[in-house]
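S.K.: These are the residues of each chain, in order.
2 protein chains.
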Amino acid sequence: MSVRSLCLAILTFGDATGYEIRKESTEGRFSYFDDASYGSIYPALARLEADGKVTVREEQQHGKPARKVYSITEAGRDEFLASLCEPQAPDTFKSPFLLIAMYASDLGPDVIRRALDRRKQQILAELGKMQEFGYDDPRTGERWINEYGIACMKLTLAYLEEHGDDLINIAKGADKAAPVAAE
Amino acid sequence: MSVRSLCLAILTFGDATGYEIRKESTEGRFSYFDDASYGSIYPALARLEADGKVTVREEQQHGKPARKVYSITEAGRDEFLASLCEPQAPDTFKSPFLLIAMYASDLGPDVIRRALDRRKQQILAELGKMQEFGYDDPRTGERWINEYGIACMKLTLAYLEEHGDDLINIAKGADKAAPVAAE
DNA sequence: GGACACATGTAATCGGTTACATGATTAC
DNA sequence: GTAATCATGTAACCGATTACATGTGTCC
Numbered sequence: 001m002s003v004r005s006l007c008l009a010i011l012t013f014g015d016a017t018g019y020e021i022r023k024e025s026t027e028g029r030f031s032y033f034d035d036a037s038y039g040s041i042y043p044a045l046a047r048l049e050a051d052g053k054v055t056v057r058e059e060q061q062h063g064k065p066a067r068k069v070y071s072i073t074e075a076g077r078d079e080f081l082a083s084l085c086e087p088q089a090p091d092t093f094k095s096p097f098l099l100i101a102m103y104a105s106d107l108g109p110d111v112i113r114r115a116l117d118r119r120k121q122q123i124l125a126e127l128g129k130m131q132e133f134g135y136d137d138p139r140t141g142e143r144w145i146n147e148y149g150i151a152c153m154k155l156t157l158a159y160l161e162e163h164g165d166d167l168i169n170i171a172k173g174a175d176k177a178a179p180v181a182a183e
Numbered sequence: 184m185s186v187r188s189l190c191l192a193i194l195t196f197g198d199a200t201g202y203e204i205r206k207e208s209t210e211g212r213f214s215y216f217d218d219a220s221y222g223s224i225y226p227a228l229a230r231l232e233a234d235g236k237v238t239v240r241e242e243q244q245h246g247k248p249a250r251k252v253y254s255i256t257e258a259g260r261d262e263f264l265a266s267l268c269e270p271q272a273p274d275t276f277k278s279p280f281l282l283i284a285m286y287a288s289d290l291g292p293d294v295i296r297r298a299l300d301r302r303k304q305q306i307l308a309e310l311g312k313m314q315e316f317g318y319d320d321p322r323t324g325e326r327w328i329n330e331y332g333i334a335c336m337k338l339t340l341a342y343l344e345e346h347g348d349d350l351i352n353i354a355k356g357a358d359k360a361a362p363v364a365a366e
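Heads up: the sequence lines are chains H and F, in that order. When the letters of the first sequence are read in order and numbered with our numbering, they come out as residues 1 to 183. When the letters of the second sequence are read in order and numbered with our numbering, they come out as residues 184 to 366.
Please keep in mind that the hints were generated in silico from the structure rather than gathered at the bench. Some hints could be false.
Derived SDA-like pairs: lysine to any residue, alpha-carbon spacing no greater than 25 Å straight-line [stated by the list, open to error]:
| id | chain 1 | residue 1 | chain 2 | residue 2 |
| --- | --- | --- | --- | --- |
| 1 | H | LYS172 | F | ALA334 |
| 2 | F | LYS303 | H | ARG29 |
| 3 | F | LYS303 | F | CYS268 |
The calculated label-pair distances, taken between Cβ atoms and stated as ranges, are [claimed, not checked]:
| id | chain 1 | residue 1 | chain 2 | residue 2 | range |
| --- | --- | --- | --- | --- | --- |
| 4 | H | GLN131 | F | ASP349 | 15 to 21 Å |
| 5 | F | LEU310 | H | ALA82 | 39 to 45 Å |
| 6 | F | SER220 | H | PRO43 | 24 to 30 Å |
On the chain H side, residues computed to face chain F include the following (Cβ under 10 Å) [as the list claims (entries may be wrong)]:
| id | residue |
| --- | --- |
| 7 | PHE33 |
| 8 | LEU81 |
| 9 | LEU84 |
| 10 | ILE100 |
| 11 | LEU107 |
| 12 | LEU127 |
| 13 | GLY128 |
| 14 | LYS129 |
| 15 | GLY149 |
In this text, a Cβ means the ideal position worked out from N, Cα and C, and glycines have one as well.
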């Protein structure tokens with residue numbers, strides 16, 4: 001998902017400034033899809049305006065620089081919805097944790113224990129964030145994906161809780177120089 | 184995970200050519216971590232050799248260009264294992280499917296049904312690939328992550344099977360209530 | 001006769017991040 | 001006083017992809 005699409009996606013939920021879009025993409029609901037930095041958002045917004053996909057209005061403020069509030073246009077909405085209809089890229093899961101786990105026997109139990117704990121805490125943190133969001137608007141797809149996310153997180157957490165020790169044992173076994181402890 | 188690390192990771196499992204590394208990263212066990220193209224693998228391998236992290240030997244072949252078979256060195260193994268020990272980046276899940284689901288009420292039931300089916304098929308395909316891999320070497324961390332992956336895929340598939348209709352209903356409901364944007 | 005697997009590599013390009021530049025306001 | 005939040009934007013850089021360039025053997 002490009003920054004361009006990300007901006008359009010966020011703007012379908014209401015007007016926003018570049019600053020707010022970035023926040024939403026790194027901390028808010030859209031952090032499940034992509035992160036983006038100012039260095040990519042501001043140029044993307046400028047191009048979107050030149051293309052007629054968004055409009056801007058400036059709101060003067062005392063002291064602070066003027067806010068540039070962007071609104072999506074009909075053409076912008078069309079572009080975005082159309083992009084959702086064309087063949088979707090496959091979902092991907094990138095897991096530094098799994099990579100570490102793969103080399104458990106080379107890394108030893110301490111590293112593995114730490115990696116496992118970190119992963120669990122990450123899941124807990126994400127779970128907390130998801131459960132905070134409230135949904136009072138009619139776009140209930142938003143609620144559905146939230147519930148989906150929560151369910152998945154809970155299931156993986158349970159799996160980790162149940163099978164984490166097995167992984168630690170793999171790391172331990174190799175630590176003792178006995179290549180394989182029969183299974 | 185950079186292409187450099189990816190190359191080292193794959194080479195810890197045995198010697199390989201650039202061609203094979205690419206295949207492993209797009210189709211094999213390592214496809215869960217990262218993809219990489221020739222345009223990034225070959226330069227990475229050249230740098231790795233210049234840095235003394237791998238060695239090369241050329242194997243002449245009849246007709247085909249000579250294979251350049253790379254082997255990881257002790258220094259290479261050290262660099263890789265050390266990189267696994269330093270603070271891990273959080274796991275991320277990028278889901279074009281979830282994005283489509285989020286806008287269910289704007290897209291209508293047909294698009295959603297299609298997206299749902301595609302996602303299920305993707306999971307099925309990945310599941311099949313995972314179940315094919317056999318593990319006879321002592322590095323049992325590999326088996327652990329395989330079982331983890333299979334468990335997660337099965338759980339999410341079950342969730343989609345159970346709650347997919349809810350999402351279609353959301354898309355349907357909106358279809359009746361408010362007309363969809365131009366299509 | 002055509003598509004595909006094998007096999008290596010470079011050049012142009014692109015999409016993005018990081019660091020830089022600026023500056024007021026508010027909370028600790 | 002100092003850190004964080006609000007607020008915009010640019011320039012340098014980087015990592016990677018895409019397309020290009022080349023060529024044989026094999027299967028259908």
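S.K.: Take the hints in turn and mark each one as holding or not.
M.R.: Each hint, compared with the structure:
The suggested pairing of LYS172 (chain H) with ALA334 (chain F) holds, with an alpha-carbon distance near 23 Å, which does not exceed 25 Å. Proximity of LYS303 (chain F) to ARG29 (chain H) is assessed by CA-CA distance (about 24 Å); at most 25 Å being required, the pair is judged to hold. The straight-line distance between the Cα atoms of LYS303 (chain F) and CYS268 (chain F) is roughly 35 Å, outside the 25 Å bound, and the hint therefore fails. Distance hint for GLN131 (chain H) and ASP349 (chain F): a CB-CB separation of about 19 Å, consistent with the stated range 15 to 21 Å.
Against the hinted window of 39 to 45 Å, the Cβ-Cβ separation of LEU310 (chain F) and ALA82 (chain H) comes to about 31 Å, which falls outside the hint. Checked against the hint of 24 to 30 Å, the pair SER220 (chain F) and PRO43 (chain H) passes, with Cβ atoms roughly 26 Å apart. With a cut of 10 Å, the hint placing PHE33 (chain H) at the interface with chain F holds, because the nearest CB-to-CB distance is about 6 Å. Taking 10 Å as the C-beta contact cut-off toward chain F, the hint placing LEU81 (chain H) at the interface holds, the least distance being around 6 Å.
The interface hint given for LEU84 (chain H) is met, as the beta carbon of that residue sits about 5 Å from the closest beta carbon of chain F, less than 10 Å. Because the smallest distance between the Cβ of ILE100 (chain H) and any Cβ of chain F comes to about 5 Å, under 10 Å, the interface hint for this residue holds. Hint status for LEU107 (chain H) relative to chain F: holds, with the closest Cβ pair at about 6 Å, below 10 Å. Checking LEU127 (chain H) against chain F by beta carbon gives a least distance of about 13 Å; that is not within 10 Å, so the hint is violated.
Annotation: GLY128 (chain H) was flagged as interfacial toward chain F, and the flag is violated, the nearest CB pair being 14 Å apart, outside 10 Å. For LYS129 (chain H), the suggested interface contact is broken, since its CB lies about 12 Å from the closest CB of chain F, more than 10 Å. Nearest Cβ of chain F to the Cβ of GLY149 (chain H): about 8 Å, under the 10 Å cut. The hint holds.
This entry does not satisfy hints 3, 5, 12, 13 and 14, going by the numbered hints stated previously.
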